[in-house]
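The primary structure of each chain is shown beneath.
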Amino acid sequence: MKPPILEMKNITKEFPGVKALSDVSFRVAEGEIHCLVGENGAGKSTLMKVLSGVYPYGTYSGEILFNGQVQRFSGIRDSEQAGIGIIYQELALVPEMTVYENIFLGNEIRRGWTVDWNETIRRAAQMLAKVRLNVNPETKVRDLGVGKQQLVEIAKALSRDVKLLILDEPTAALNEDDSANLLNLLRELKQHGVTCILISHKLKEVISIADTVTVLRDGKTICTLDAKKGEVSEQVLIKHMVGREINNIYPPRERIRSDEVVLEVRNWSAYDPKLGRNVLKDVSFHLKRGEIVGFAGLMGSGRTELARSLFGNPDGYEIRGEMYVRGQKLRFGHPQEAIRAGMAYVTEDRKAKGLILIQDVKQNITLANLNEIANHGVIDGNAEVKVANDYRESINIKTPTVAQIVGNLSGGNQQKVSVAKWLFVRPDILILDEPTRGIDVGAKYEIYTIMNRLVQQGMSIIMISSELPEVLGMSDRVYIVSSGRISGELPIEEATQEKIMHLATN
Amino acid sequence: MEFFQDLEKVLRQNIREYGMFIALFVIMAIFTYTTEGVFISSRNISNLLNQTGYIAVLAVGMTLVIVIRHIDLSVGFLAGFLGAVAAIALVFWKLPVWMVIPMVLGMGVIAGLITAFPVAQLKIPSFVASLAGWLIYRGALLLSTMGTGTIIIPDDAFNAIGNGFIPDIPGLDFFLPKVHKLTLLLGLLAIVLFIFSEIRSRRKKQEYNFEVLPLEIFILKLVFLSVLVGGITWVLAGYNGLSWTVVIMLIVVAVYHFVTTQTVLGRHIYAVGGNPEAAELSGINVKNITYVVFGSMGLLSALSGILFTSRLQSATTTAGTLFELDAIAAAYVGGVSAAGGVGKVTGSIIGALVMTSLTSGMNLMGIDISLQYIVRGAVLVAAVIFDVTTRTSRK
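First to last, the protein sequences are chains U and F. At position 208 of the first sequence (counting the first as 1) the number is 208 in the numbering used here, and the numbers step up by one without a gap. Counting the second sequence from 1 gives a position; the numbering used here is that position plus 506.
One thing to keep in mind: the hints can contain errors.
What the hints assert, rightly or not - Calculated cross-link-like contacts (lysine-lysine; reagent style PhoX-like; alpha-carbon spacing at most 25 Å):
| hint | chain 1 | residue 1 | chain 2 | residue 2 |
| --- | --- | --- | --- | --- |
| 1 | F | LYS711 | U | LYS398 |
| 2 | U | LYS274 | F | LYS515 |
| 3 | U | LYS190 | U | LYS204 |
| 4 | U | LYS140 | F | LYS629 |
| 5 | F | LYS711 | U | LYS274 |
| 6 | F | LYS793 | U | LYS386 |
Said to hold, decoys possible - Across the chosen pairs, the derived CB separations fall in these ranges:
| hint | chain 1 | residue 1 | chain 2 | residue 2 | range |
| --- | --- | --- | --- | --- | --- |
| 7 | F | LEU628 | U | SER208 | 43 to 51 Å |
| 8 | U | ARG72 | F | ILE528 | 42 to 50 Å |
| 9 | U | ILE249 | F | PHE527 | 50 to 58 Å |
| 10 | U | VAL378 | F | LEU513 | 30 to 38 Å |
| 11 | U | ARG426 | F | PRO608 | 40 to 48 Å |
| 12 | U | ASP315 | F | VAL698 | 48 to 56 Å |
| 13 | U | TRP113 | F | THR895 | 49 to 57 Å |
| 14 | U | GLY62 | F | LEU513 | 26 to 34 Å |
| 15 | U | GLY381 | F | GLU783 | 25 to 33 Å |
| 16 | U | ASN118 | F | GLY883 | 39 to 47 Å |
| 17 | F | GLU514 | U | ASN67 | 43 to 51 Å |
| 18 | F | TYR524 | U | GLY381 | 22 to 30 Å |
| 19 | F | GLU783 | U | MET299 | 27 to 35 Å |
| 20 | U | GLY377 | F | GLN519 | 55 to 63 Å |
As the list claims (entries may be wrong) - Now the stretches of chain F that chain U is said to cover, found in silico as 3 or more residues with beta-carbon under 8 Å:
| hint | segment |
| --- | --- |
| 21 | 712-726 |
| 22 | 760-773 |
| 23 | 885-893 |
In short, the hints are calculated from the structure, not lab data. Quick reminder that beta carbons are idealized off the backbone N, C-alpha and C, glycines included.
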């Protein structure tokens, strides 16, 4: 085995309340393509941020050896200087600048006090040739497709003479041709001695390219597999990725057998004019009364886009397809109309999209249905407090009073406020987007209990979740979403973590 | 002493809210001292409030604009232009006052909606959209006064808006002959109403177990504010009493305070400012809120134009110059946050008073205009720094 170019030893990284990485060790040999796989939240991105200095030395414990030397990066600049280049999921290019300006951004070629633009363009052209990108260096990045932008990013990294290139899900937003192109380029770079760490959810891709694969799960290294020894296969990877024990207890409930379909969606496609691509393709599903239907899939697979496109389409997608709410064909032009039709949507990112953090608990709870506590547009303060206090008790929001600012509550209680707000619109169909992300086990259990109570009362729930145990523990049926399509539907009796992961990574 | 500990704690917790009052108080005290009492004289305070009027109503509207994370630069020249329209309507078209005022206010609303259109519909930054308005209304003002220059308005009813005072109760001259009795009576009524509503809201809060001020501090607050209102009333009553400008200002503040704190519309405005994305998903139509807020801004610009034109008894070619910046400064001094969702109408009125007090006081002291600008700039930046630091340190 070749000597390691990188060795990370016993890395532990904690955030308030969460251990994101615990005692992770990770070894990358020189000149190999090393894939890092794991579920959402397994700690892959955190590990790479530790490596690249985004989380500087001192905020984690453990040791990083690069090129045989102990490294203590205090920022991205340090790791770049050492020869580590990282390319994130969200591209870090300036769209309004040209390709050559982007490639040498922050690393400008100077001549005295000024930038030597001629030399910059010449060198940029060389770099573009290296990544086999045939565009004029004077093109604006904005005018390139995502696949080409990705290559510009790589050219930028190469211009800094990287020895180790890290790519975080580079093919997530690419079509098949662009993906194949990129993988070929990585193989070629390998020939030229560039070591590469690739984070990917697409297991086929991993199997085709990896020399070595390391699996992370729940912030721990599970195993490192050698492709040459034939240790890597889809089954093996999935087994290691999802091997999480189901140690959360899910409150039991009586399943309701109703044949009344409250929501049906047929051939639903959505085109995002801002991204210039289809985010949903030909999605069809249905939801029955009293049912909890799980929507599983990886982050970015299109589940949130689906929910938002149904719920009044605030992003302005161009939509084709049909939606039937309780048998009636409808299409909502604003969330307000969806709310009136009995829908509610608890957003995934409660801080950024769900709550008004600078307002208090009661103001947040009543926001979506103020007319119910108002006479002729004047809010009845007493009624508002009463409503808020009712929800505080019924779903156990832990706050001194309902006049507390929401930003001061814990994550779990914020989530309950979010749920209370949507229960107050008295919905028939409740969409929960990652309802338990970032909240503690006790609060999770409470959220599950509330969900059970609601479906017993005849509500129907769509639960979008990236946590497989939760999907299996709570759902009556599971749809799996992958690249904007429904890639499978499983009745709960047949669903397993392996099957879901298999469909989600296709 | 428990009382002082409580006081200190309450002051520290609510420093943002009380800070402005304290600042205003300190500024007034300083000027009273440096001008040997001239500043606090009835005549000067009355003048000061009348001068604040046309900026104060703009600051009220601007508060809401900034709360929803926008800005409106067009309001100054819009006020100037609509003031000129009022003058032309009165002088050349010979329209009666009762017709001119609603017409001008209506034009203000339309102008506001026009500014809102590119902002709400096309997501054009309001800075740019209203800067275009700034240029356009400036041109319109010049155009409408081009033939005549300054238009003198001979209409007494119209000019009373900016210069007149409310009438006194007749036949009471034997009692306090040099004092305006109706003003005193209204002031007294205001104090009584204020105390009752404070006590009622305190009871209500206690019923719900919400946090309330310790009793001694609560009484101190009531006494302090009663003395403040009483003092201002007494001072005003010693000159000509309440002016119509102050009455209009008070009505505007009362209406906007009510709308922002008690109504669904107000709640929606602050929700849009606090988190537009969450507001939209909660079924609030962010576009409509944008139209409403800019429409109200246009209405208040028209009102400001009427107040200013009436005060000068004429429309001039430069009316409205820099009003927008004075209004924005007043709003920021009054604690509005550029990050959106935070800011009170009452705060902005205090902010406007702080700014005009500075001008008035420094004028009385004979300080050169150049230094006045520098001082006002320093106060603005100090107020915003104070606001930002107290906001972050509270958490």
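Here is how each hint holds up against the structure:
Taken as a hint, the LYS711(F) and LYS398(U) pair is honoured in the structure, with Cα atoms around 19 Å apart against an allowance of 25 Å. A hinted pair counts as satisfied when its Cα atoms are at most 25 Å apart, and LYS274(U) with LYS515(F) does not qualify at roughly 51 Å. Of the supplied pair hints, the one linking LYS190(U) and LYS204(U) holds, its CA atoms being roughly 19 Å apart against a limit of 25 Å. For the suggested pair LYS140(U) and LYS629(F), the alpha carbons sit about 24 Å apart, so the restraint of at most 25 Å is met.
Distance hint between LYS711(F) and LYS274(U) is unfulfilled; the C-alpha atoms sit about 48 Å from each other, more than 25 Å. Using a Cα cut-off of 25 Å, the hinted pair LYS793(F) and LYS386(U) is violated, with the two alpha carbons roughly 31 Å apart. Restraint check, LEU628(F) to SER208(U): a C-beta distance of roughly 46 Å satisfies the suggested window 43 to 51 Å. Against the hinted window of 42 to 50 Å, the Cβ-Cβ separation of ARG72(U) and ILE528(F) comes to about 49 Å, which satisfies the hint.
Checked against the hint of 50 to 58 Å, the pair ILE249(U) and PHE527(F) passes, with Cβ atoms roughly 55 Å apart. As the Cβ distance of VAL378(U) to LEU513(F) is approximately 35 Å, the hint placing it in 30 to 38 Å holds. In this structure the supplied range 40 to 48 Å holds for ARG426(U) paired with PRO608(F), their Cβ-Cβ distance being about 42 Å. Remark: the range hint 48 to 56 Å for ASP315(U) to VAL698(F) is upheld by a beta-carbon distance near 54 Å.
Between TRP113(U) and THR895(F) the Cβ separation comes to about 38 Å, which falls outside the hinted range of 49 to 57 Å. At roughly 51 Å, the beta-carbon separation of GLY62(U) and LEU513(F) lies outside the given 26 to 34 Å, and the hint is violated. In this structure the hint that GLY381(U) and GLU783(F) lie 25 to 33 Å apart at CB holds, the actual value being about 27 Å. Against the hinted window of 39 to 47 Å, the Cβ-Cβ separation of ASN118(U) and GLY883(F) comes to about 46 Å, which satisfies the hint.
The hinted range of 43 to 51 Å is not satisfied by GLU514(F) and ASN67(U), whose Cβ atoms lie roughly 58 Å apart. Here the CB-CB span from TYR524(F) to GLY381(U) is close to 23 Å, well matched to the stated 22 to 30 Å. For GLU783(F) paired with MET299(U), a C-beta distance near 19 Å fails the hint of 27 to 35 Å. Judged by the Cβ atoms, the range 55 to 63 Å given for GLY377(U) and GLN519(F) is violated: they are separated by roughly 32 Å.
For the segment 712-726 of chain F, the stated coverage by chain U holds: 4 residues have a C-beta nearer than 8 Å to a C-beta of that chain, and at least 3 were required. Only when three residues or more bring their CB closer than 8 Å to a CB of chain U does the claim for the segment 760-773 of chain F stand; here the count is 5, and the claim holds. Counting residues of the segment 885-893 of chain F whose CB falls under 8 Å from any CB of chain U gives 0; the rule of at least 3 is not met.
Hints 2, 5, 6, 13, 14, 17, 19, 20, 23 from the list above are not met by this structure, while the remaining hints are.
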